[in-house]
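Residue numbers (numbering that gives the first Met the number 0): 0 to 78.
Be aware that one or more of the hints could be misleading.
Stated by the list, open to error - With a Cα cut of at most 27 Å, we get these calculated DSS-like pairs of lysine-lysine:
(1) K66 x K56
(2) K4 x K31
(3) K50 x K38
(4) K20 x K4
(5) K75 x K56
(6) K20 x K32
(7) K56 x K76
(8) K75 x K50
(9) K32 x K56
(10) K31 x K20
(11) K50 x K31
(12) K66 x K76
(13) K50 x K20
No lab work stands behind these hints, which were simulated from the structure alone.
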Amino acid sequence: MPVTKIYNSFAEINQDLEILKLEKDLAYARFKKDLNEAKDSLTVENIVGEKPMRVAKLLGAFSGPIKSAALTWIFKKIF
Numbered sequence: 000m001p002v003t004k005i006y007n008s009f010a011e012i013n014q015d016l017e018i019l020k021l022e023k024d025l026a027y028a029r030f031k032k033d034l035n036e037a038k039d040s041l042t043v044e045n046i047v048g049e050k051p052m053r054v055a056k057l058l059g060a061f062s063g064p065i066k067s068a069a070l071t072w073i074f075k076k077i078f
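Please work from the sequences and hints to get the whole structure.
Now the structure itself:
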């Protein structure tokens with residue numbers, strides 16, 4: 000059951016309104032910070048992981064039929 004506050008002056012109302020505004024601004028700043036952290040964490044390396052990047056670097060050393068056979072084998076394992 001919510002408690003109803005009784006104000007005796009406009010100064011008390013203004014003080015509570017200022018506190019509520021500061022709390023709202025703080026919550027918004029935290030939201031923006033969390034959103035930016037989430038955006039920064041959405042990189043290819045974080046989503047896919049490091050192993051595919053390592054495999055791609057390793058496959059870069061091979062050429063021709065060996066490379067195609069390795070890619071075929073990897074894709075069969077993944078999918």
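Hints and how they fare:
1. K66 x K56: The hint holds at about 12 Å.
2. K4 x K31: It is violated: about 32 Å lies between the C-alpha atoms, which goes past 27 Å.
3. K50 x K38: Holds, at about 22 Å.
4. K20 x K4: This hinted pair holds, its Cα atoms lying about 18 Å apart.
5. K75 x K56: holds (19 Å)
6. K20 x K32: holds (18 Å)
7. K56 x K76: Roughly 18 Å separates the two Cα atoms, so the pair holds.
8. K75 x K50: Holds, because 16 Å separates the two Cα atoms, which is no more than 27 Å.
9. K32 x K56: Roughly 34 Å separates the two Cα atoms, so the pair is violated.
10. K31 x K20: Holds, because 16 Å separates the two Cα atoms, which is no more than 27 Å.
11. K50 x K31: violated (31 Å)
12. K66 x K76: holds (15 Å)
13. K50 x K20: violated (47 Å)
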